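Build out the structure end to end from the sequences listed, making use of the hints.
Residue numbers (the numbering used here), protein chains in the order written: chain A, 1 to 108; chain B, 1 to 644; chain C, 1 to 522; chain D, 1 to 480; chain E, 1 to 171.
Everything labelled a hint here was simulated from the structure, so no lab data went into it.
Don't take each hint at face value.
Sample of chain A residues at the chain D side, in silico, Cβ under 10 Å [stated by the list, open to error]:
1. Thr47
2. Leu56
3. Val67
4. Ala80
All values reported here derive from a predicted model rather than from experimental measurement.
All C-beta atoms in this analysis are idealised placements derived from N, C-alpha and C, irrespective of residue type, glycine included.
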Amino acid sequence: MHVVIPYVVGALLFALGVYGVLRRRNAILVLMAVELMLNAVNLILVTADVSVRAVLPGTGGVFALFVIVLAAAEVGVGLAIVLQFYRMRRIVVVDEVRLDTDEERVAG
Amino acid sequence: MSVDVAGPLLPLVPFLAGLIGLLLPPGDGGPTRRRLAAGLGVTGAGIALLLALRVLLDPNERSTDPFFDPYGPGYSLGTFGDLTVGYGTFIDAPAAYVAVAVAVVALCVQVYSIAYLHDDPRYAPYAAQVSLFTGAMLLVVCSNDLIMMLIGWEVMGACSYLLIGHDRRLPEAPAAAVKAFLVTRVGDVGFLLGIAVLISDAGSTYLDTVLAHDYSTGTLTAALLLLLAGVAGKSAQFPLHTWLPDAMAGPTPISALIHAATMVAAGVYVVFRTYPLFEQSPVALAVLGVMAAITILLGALSATAQDDLKRVLAWSTVSQIGYMTGALAVGSPAAALFHLLTHAAFKALLFLAAGAVIHAFGTNYLSRMGGLRAHMPVTFWSFVIGLGALAGLPPLSGFWSKENVLAAAAHATEGGEPVPVWAGWVVWLAALLSVGITAWYATRLLLRAFFGVSRAHGPAGPDWEIGFDDARYQRPATPHDPPALMFLPLLVLCVPAALLGLAAYAPGFRTALELEDPHLGVAVALPMVLLVLGAGSAWWIWRAVPGVDPAAALGRARPLFASGFRLDDVQHRLVVVPVRALARLVAAADVRVVDGAVMGTGTTTTGLGRLLAAGHRVALPVAAIAVCAGALVLGLVAWLGAAA
Amino acid sequence: MIPEPSDAYTSYTYTYTDGWPFLLVALLLVPAVGAAVVALMPSGRDRAARVVATVAAALTFLLTLVIPFARPTEFGWFDYGPEAPAITPWLDLHFDWVPALGLAFHLGVDGVSYPLVVLTGLLTLLCCAYTIKKVPAGGSGRALAALLLVLEVGVIGTFLALDLILFFVFFEIVLLPMYAVIAGWGGPDRRAAARKFVLYTLAGSVLLLLGVVTVVAEAGTGDLLELTGASMLSRTTQTIAFTLLLLAFAVKAPLWPLHTWLPDAHTEAPTVGSVILAGVLLKMGTYGLIRVGLGVAPDAAEAAGPVLGLFAVLAILFGSLICLRQYELKRLIAYSSVGHMGFVLLGIATFTEIGIQAALIGNIAHGLITGLLFFLAGTIKDRSGTGSLNQLSGLRESAPRLAGLLGFAAIASLGLPGLAGFWGEAFAVVAAVRAGGPYWLTLAALAAVGGALTAAYFLRLLRQVTHGPATPEVRALRPAIAGVEWFAWAPLIVLTLAVGLVPALVLSDTSAPILGLLAGAP
Amino acid sequence: MSSQPIDHFVLLPLYAAAGTAILALLADLFIARRGAVIGATALGGLATAAAALVAGAGGRTFCTTAAGACSWVPTWPAAVTAVLFAGLTVGVLALSVPALRLGAAPAGEFCFLLACSMTGGVVVAYSGDLITLIVGLETLTLPLYVLVGLRRFAPGERATTEAASASVTFFLISVVSTAIALLGAALTYAATGAVHLDMLGPAPAPLEPLAGVGAALLVIGLAFKVAAVPLHAWAPATYDGAPVPVAAYLSTASKLGGVLALAAVVSRLDTAAVVAVLAVLTMTVGNLVALRQSRMVRLLAWSSVAQAGYILAALALGEPGVVAALAYAAFFVVLELIAFGVVVALRPPGADGGELDGYRGAGRRAPWLGAALVLALAGLAGLPPGLAGLFAKLSVVDALVQENWTWLAAIVLVNAVIALAYYVRVGALLYTARPQAGHIPATTHPAVRVPRPIAAALIGAVTVAVLLGFAPQLLFDGLT
Amino acid sequence: MTVADVLLLALGAIAVGSGALVVTSTHLVRSGFYLVVSLGAIAGLYLVLGAELVAWVQVLVYVGAVVVLLLFAVMLTRAPIGPSADLDRPALPAAVIGAGVGLGLTALFVDAFRWTRFPSPDPGTAERLGEQIFGAWVLPFEVLSILLLSALVGAIVLSRPDIGARKAEDA
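The following block contains the structure:
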């Protein structure tokens, strides 16, 4: 088979994920976009099992499984965080998260 | 005490006396403390005189103990590379004579000052500084190491600075002091460089080695010309003479000290000392000759128009030192030294006598004097002897020494000397002409100060110049001869001023100085004629229009002469103003450019920081965009890197 | 705090010659422990703490005086056989400290460093004693005294270090304490001045670090005994390393145009800070140039000589000219340091024995004289409440003693023969003349002219401050000189005179080590 | 393929760390006393450190029989860093005690999450393959998302949202960078077929760009953990919003984990260019921005961004720079812990870092704390008396110059100069007299009472810093 | 072109297409459903690529759990069910970077693998993967358990403000 197809699919999915992360204002949508990125990674890992002479054949699949679990854990915690934020601020818009509200008051 | 102990001790004693004296508390400590200070000063000078006499007694005695050999390299003070600076003495007869002269003048000045500064609260440091000054001069005289000589040389400069600036009530005193130090210091730049060249080439600072070293002509000429710069500074030769007239702001005894035997004589003495080198360099001698000729005339002409008693004497010093350097230039160091000695005597006498006048009268200005002869006979006669010697009136000392100089110059015009013939002519003409001028201004001085009627109560009433430190005159007292402490030194100095010239007939003295036999040939007539002409014309002008300054006859040249040919202005324009401008420029550049770059770096960095910090004052998504963009760019970089 | 060889390292190589090399450790340990004790004393015992600090400084000073007696009786260089190292320290102490970084705790003292060590001990003692009576406003006296002792550790360590990295470590030690002294006890504008000082000099010392590491990386050793004399480095490395080192030391010295931190720092620093800064900190730069710069890169040093000489002369001239335009007492003295260090650097730039000896004695003289000047200037400023030359006049009238001392110090500083300042300046010129050629002759002439300018601005200073009618500020100042002030000043005065009369006091044992340093040069 | 024998002895640190987490959970469940939970966790942390030292550089385990590549690689550097993780955990726990006593966060969960994080750190230290490494890193980081935002408010207390914002920021950027790192790992695997660090190597011909980009992305993703520019934006906001002890953990343990991961990667893959660019950007931007900060924790955050740059500079060398980077990181975390510890000590329990102005004169009120902070700041600036910091800088510069990367060393040093500007600003502030309030003389400051656990942590950290300052060879011996 | 290729293309198109809808849809909820589709397609790709277990886990964990979780979150945050206008920011930076990433990665892969054929793998069995996981990868697996536990506890402690809440007297 032509592995380039799933690879390119993975690349495009990753790019879509990046786009989504950057485009979306709603934290949950951002999380979805992140899921797309992680899935793209998984796809590439699984595809790599086909295309590469691995030291341990099938490592990609194993890796992908780990990534899935990682992603699940992250989503769980992430949603808890977003919900906490929502509880406190009544919004889930990431634009509202300021990084530096520091007024410049530096002496000398 | 043997010479090998006396020699090294000679500069040390007054030096130590000075140091100890400086430790005395300043301020008016009452009579006890004054007595202590005076005692120290007089003792220092007195012991120095004794030591000098001891050395003079047997100047050529050599010790067999190499360690104590006063004429050897001496005690090492420090070694720089292969150059060992040593404290040792080199005393031959001329040195011994000069040392005696220095000691005598110093002693006279010390004694004289006790009375002259009787109510000065800062007498103690003054006396100590005089001692230091004496020690420094004796070091120059005795040292056999060029660096040690330089030390004495510059310490004198510093002492002159301190002493000239001594007077607290004269607004011009500090300026004059600074000027004296700075101008001589400028000359010393050359002196230091000259010495540096000499010792670098010779590989030793030891005078004997340097004198014996075979230099290339170029090096030697350069070094000697540099040395001459220093000599010009210290000995007040054109063009570095400008400090000397201003230095009259110092107390009068100090003027005596500076003009008679120390400071100004040092330059002449150093050339004398290094004469074996000068002999090898006609260029240096020619320069010296021209310098001398200009100085002789410049000094003499400037002296004619001065109204300040001390300034007349100051300019006369410039002129007389010119005679000495002229003698050196024309190849007669002996004549120079002879004139140095006689000049030391009569100039010290003149200044101390002038001090007596000022002390008694409260002013420096000839225009406020007149008719002093009746009140101050001793002072008057001191003046007569001093001025006579200055003008070269036979048989006073100045006549003989000046005659020697003229003879030497005349000899040089015949060729056969290292100096070029034209330089001999220049020196001879200047010296000769100056004899007449000197006689003129000496006569004028005498007449204006001591004859005629007193001008103390002028049309505008009493108008007292406070010209020296201890003058606290409410109203003019009747002028009178000075107290004994000032009186005695005058008497002491009268003797050599009058008689030292006859010493040329003393074989010991003559051979010691390597003077030629005195011969009063026809050649003596010419200066005599000029002398009579000068003195006579001054007298004649004075007689013709009584009460008017003979200098009025100078007409439009008078202000020019009075200002010393405006060389002060020239110096101001050419040196002071540019240096100040340069300083302003450099200081501004230091702040704006050099420090500006530094501060600019700081400001720029902080500004960048502010900019970047502002860039980080954003919301999360922008940060996310930045992160992803950064990752993308870095990924591309890596790709290109891996592909390359 | 000082790095002391820990017990954990006794297993490493450990060599020492005869004599008492541990004296060198004691030299660092005594002030360090003193600083710790002083800092830990309760705030109620402030004065007692300052006395303790003075005692510690005095002990250190005594230890520095003991050094010559602790030398091995057999002079070391007879023991080395044909391959004698270029430097043969009197005392030599060597521990491995951080082998991973090529850092050895290698201390030694020889004729080049010894006078500076003594000077440091002396000035610290004087400054500590001075603080017993007078604590500048701003902080507790014991903190100041402790900082002075820490500074002493750093400076003495720098002078003793025979390992490049160790040298750097000690070089850095002084930065923050000096910053603290200026920022804590300084004048109204102290913050900015202190920051400028610390950043500027750090910029210099990072160059030193780079240079040092470059050398160690190529030579494989940081041991100055091994590096000196034998050219272990390629020409390129030497050039790079020397350039870096030169810049680093030029900042510290400071050499024009890298000097602008100095005037600000001096103007704002408290009196003792100025004294230490001018008296010993600047010497680290010139000493470093001799010991490290010349030691490890003799060829490059030789090649850089003309350039360094040019800048040294520019420093002399510009420093003096700028002084002519200064209207603040301490600022003027600070700029005068630029000129004086220019003479020192000119001596070094010739890379001849005479020149380096002139530099060494110039260092000492500058430490003594400028230390004294800053003491006096600080006193005048403290008592009259102003440092502005326009407001100071007629000191001779109200405080003749003080005026006399100022006059002495100024005259010594302008290089009057017979006083300490003369030798360095005169023989720097002699060395330049000796270097020969029109270029060096010109430099010599310009330097000598700079000497005259030095006289000009010092006389201007004296004329302004001591002569003339007394201003209200001056009239109001207290003329008496306290005992502690005499204690602090008298040694400087006496030594200025003594070194001036007998330069051998400083130079007696410098010839061999300098020749050793120069041996590497072609 | 059969399961291989597992050397449980060398796994002791892992067991101890994981056991600590479980112990904390159980203690919370069954004893439910704050003191007990905290004590148990602290003991567990110490046990972990002890275990790491005992296990030392034992045999590897979890090896693939085929190639001999192992997932658990006990080495001395690993042991040393594991000890550091454990020490930092205990230290941060101690710093948190006052806040926990106050009830600012549930103690049991706090301890558990902290212990989990420590476990992740230990795993990172010992991991021998990318999977374990990334899982370990996630284990290190994930509990921190929670800890950053975990804050309980007393009834009536105004609820602040900084912590929640910080948590969102941290989480979102973290997942993105995790995705990037995973992509990098995936590409690396696709190119080389290996995930074991020892097996990583050059890719076959056509796959070289793939491997290059993979390595770069891996580095970029991991660089997030050390807050390298341009992946740093989360750090200041997160540090400032998080409780100060957690911020301390973020800037020390979390950063150390990132350094370890990076070190593992860069020493096998050629990523010099990317790491060098990251290093230059990181230190320069970090220092420049730090110049203009007015909040204490933000300043420390930016400074720690900059510090990461120095570590990256060493890592740009690849294998030869690893020891220097680890050494720097070790010195750095100790000093940083002191700095944060002093901040915690000077502020009321549970408070944030506050404005810099609030620290005016603090060094006079609390001389010991002031001295400790000065030591830490000097160390971070790389100057005595912070000798540890000096040796840290020295080791990095030394490594760079040894490898002929003098230009990078020069940039490091220029940055050290810039950095000093803000360090001295803080240091000087500590000793500036407060503006006179009323007529209370400046000398009679109210004394600062330092809670015992914080004092203990500070004393411990300062002792380590001083010890390392005088005997840095101990650390270098441990890392080689 | 083999059957596998066709399948890959088709599934890939579905995955990418629905992925694009995920990030562009103006309906929050619809985005969630598109995500399901996309993830399902990816699961299909796994099957084609011979990673059976991964595919099933994908379906179970992602489609079954993660997406449901996300949808719950949408509900809990009272997000609008219908289309909403304020979901997006200006597109340009995102589009530029997204396009850059997509093009870059695509080019990278295309350059690396070209149109090369690789042999289709044996359909992997769960047993083989399981053997691997419990053979070579026990360590990360165990660590993962800690991770999951901490995620669990963390999520709970964040979601339940009553845990460890401060009483009035604490303040």
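Against the structure, the hints come out as follows:
no.	hint	result
1	Thr47	holds, 7 Å
2	Leu56	holds, 6 Å
3	Val67	holds, 6 Å
4	Ala80	holds, 8 Å
Every hint, counting from the list given before, is met by this structure.
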